[in-house]
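J.: Let the sequences and hints guide you as you build the complete structure.
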Amino acid sequence: MTFELIIPLLAATVQSGTPILYATLGAIITEKSGVLNLGVEGVMIVGALAGFIAATFTGNPVLAFFLAGLAGAAAASIHGIVCLVFQGNQVVSGLALTILGTGFANYLGTSYVGQSAPGFSPYAIPYLAEIPWLGPILFNQDPLVYLTYIIPLLIWFFLFSTRYGLGIRAVGENPAAAKAGGLSVGLYRWGAILGGGFFMGLGGAYLSLAYTHLWTNNMTAGRGWIAVALVIFAFWRPGRAVFGAYLFGGIMSLQLRLQATGTMLPSSLLLMLPYLLTIIVLVFSSWKSGKSAAPAALGVNMKPAE
Amino acid sequence: MLHLRIIKRQDPLGWRSCLVIFGALALALFLSALLLALRGTPPLEGILVLFKGAFGSRWAIEDCLIKAIPIFLCSLGVAIAFRLQIWNIGAEGQFCLGAIGATWMALSFPNQPAWLLLPAMIAMAAIAGGLWGFIPALLRQKMQTNEIIVSLMMNYIAILILDYLVYGVWKDPTSFGFPMTPAFSDAAIVGKIGATSVNWGLFHCMVLALIVWIFFSFTKTGYELKASGDNVKAARYAGLPYTKQVFLVMILSGALAGWAGFLEASATVNRLQPSIMVGYGYTAIVVAWLASLNPFYIGIASFLLAGLRVGVENLQLDLQVPAAFGGIMEGFILLTVLAGGFFISYRFSLTRKK
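If you read the protein sequences in the order shown, they are chains F and B.
Here our numbering runs 14 ahead of the position in the first sequence, where the first position is 1.
Here our numbering runs 142 ahead of the position in the second sequence, where the first position is 1.
Derived from the structure by calculation, the hints contain no laboratory data.
For clarity, every value in this text was computed on a predicted model and none was experimentally measured.
Any given hint could turn out to be false.
[As the list claims (entries may be wrong)] Only pairs whose alpha carbons sit at most 27 Å apart, straight line, appear in this in silico DSS-like list of lysine-lysine:
| # | chain 1 | residue 1 | chain 2 | residue 2 |
| --- | --- | --- | --- | --- |
| 1 | F | K193 | B | K150 |
| 2 | B | K150 | B | K368 |
| 3 | F | K317 | B | K375 |
| 4 | B | K284 | B | K386 |
| 5 | F | K193 | F | K317 |
| 6 | B | K284 | F | K302 |
| 7 | F | K317 | B | K150 |
| 8 | B | K375 | F | K302 |
| 9 | F | K302 | B | K386 |
| 10 | F | K317 | B | K368 |
| 11 | B | K386 | B | K368 |
T.: Here's what the structure looks like:
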């Protein structure tokens, strides 16, 4: 591959990785509190449609992006209701949310296929965009990408340097001890579910407001599941999530380019790459650390008080 | 003042669990009807079309049975894994591999007699599906890898393998470019029962359900599996071979889904084509949970959810409701049943506290 092709590939990598990064960060927040939300795919796609519809009706992409986050939080709240209130099995509830969310988005979205909505376009930051190599890759992107340059830092700071973040982590490691210490397990977990859902919705909205300005059925195409895997790969840390998200962004961009150039590899095999990579990445992450990096109480509902 | 306490039930609810399930299903139906109204479809009319379309004629009931067969077998397999708390989300991919395996046999030996070819196809389908179930189990036990994500990723990979074969080496040269294999020879096709349109797969389902029930109720291995499912730590302490059990259930799970794939390819479409992948593997999960992993209830639930699919097809035709509505209903059903489990496990008590 020649030099002139690498820079656009890396720039595309950043774009491809951004929705996955938003979703992964959201999943990390939720899982840190001990709640396993496998409904990321469903929440993401709901966010994608919500953002698109909001942009269509308000004409304001910024507002639409925010509303999509709210829609994601609302979708995730279903998981909260079933698991936190009704003690539902977290694995199955997440799956159900994915089935419902995907069905819901495809159902409502059918009327919007083929339309386009106002969205975000790349904005080259003056001076920074002219830096050789890094400039076009990092500083000629749309504003939602620029947001992801600071959001992981903010989330890291929130989780590891604030009292609320500490509460979330405590509740995820040992809810009984946290409760004995005076923390409301339910409150922190609800916060983590809604906050996580907000970011998952943002990830989906990126696809329909920035990556494209369209809505298509099944828009997320499994990215939510990749995000679930990336949480494990990231050892539940925001910084490593960035690396993982861009790794997948790179694979997806590479696969698109290989398909476009009509290589000898059949397209079906190329399309397998992200899914194969997810398995490989997951195996190596889990093998090295086992389950020790996960919040100790992950996936276990706290029984209602006697 | 009054104080609401939530207490775990000591004695199981028994027959009243049925009431909870019905209540959950009714709520799911209600919520789905609301969503019909959201898009402008009159909800009552929609529900009527749904039910009439699913159960309102002999042809509809037969269609329900035809669709229930693959759902049932996949769900039987999923339930076996779930019993051991192994989250096999890969039924869709195992179904796909089963269809691929059966197709390979059918295309390689089309001139063999049916009594030889069909069992060979079943064997190949079960092996292929079993392999697809074994891989996540292997990664789970040997490398602590989450089987949910692995089995799910393998669903996507399996469909792409099918696409690759059907657009490539197995493509029918006379099919005008449509992606499909040549039609199976007559010996490779599972026939229909009498004058109905339902194939003998229905009989396969009953036999397999019986075998699974006998296996879990009367064999030592089945008993041990149930023990491990109830309490993994205690079972390991008692010396039960947990890893072998995990492998066994995932291979069985995959093999059953593979058998479903064989039936779909052989009996329903008589070839291999991408359109056999309609999400039976995911519906199977909803069915297994709805049926509390019990083979008999799985039969009922499979029929119900097959009916849902048939009804949604009618909704599409008559009221232009998008096909995704079926996913909405399945999602609501699973969520309401999950929430309903609360009322089965817990009870409320109102007491006065000074």
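J.: Decide, hint by hint, whether the structure agrees.
T.: Hints, one by one, checked against the model:
Annotation: proposed proximity of F/K193 to B/K150 holds, straight-line Cα distance about 20 Å (limit 27 Å). In summary, the hint linking B/K150 to B/K368 is supported, as the alpha carbons are separated by about 23 Å, within the 27 Å threshold. Between F/K317 and B/K375 the alpha-carbon distance is near 20 Å, which keeps this suggested pair within the 27 Å criterion. For the suggested pair B/K284 and B/K386, the alpha carbons sit about 12 Å apart, so the restraint of at most 27 Å is met.
For a cut-off of 27 Å, the pair hint linking F/K193 to F/K317 stands: about 12 Å separates their Cα positions. Using a Cα cut-off of 27 Å, the hinted pair B/K284 and F/K302 holds, with the two alpha carbons roughly 12 Å apart. Restraint check for F/K317 and B/K150: satisfied, since their Cα atoms lie roughly 9 Å apart, inside the 27 Å limit. Under the criterion of a C-alpha separation no larger than 27 Å, the hint pairing B/K375 with F/K302 is consistent with the structure, at around 23 Å.
For a cut-off of 27 Å, the pair hint linking F/K302 to B/K386 stands: about 23 Å separates their Cα positions. Proximity of F/K317 to B/K368 is assessed by CA-CA distance (about 24 Å); at most 27 Å being required, the pair is judged to hold. Annotation: proposed proximity of B/K386 to B/K368 holds, straight-line Cα distance about 14 Å (limit 27 Å).
Of the numbered hints given earlier, the model fails none.
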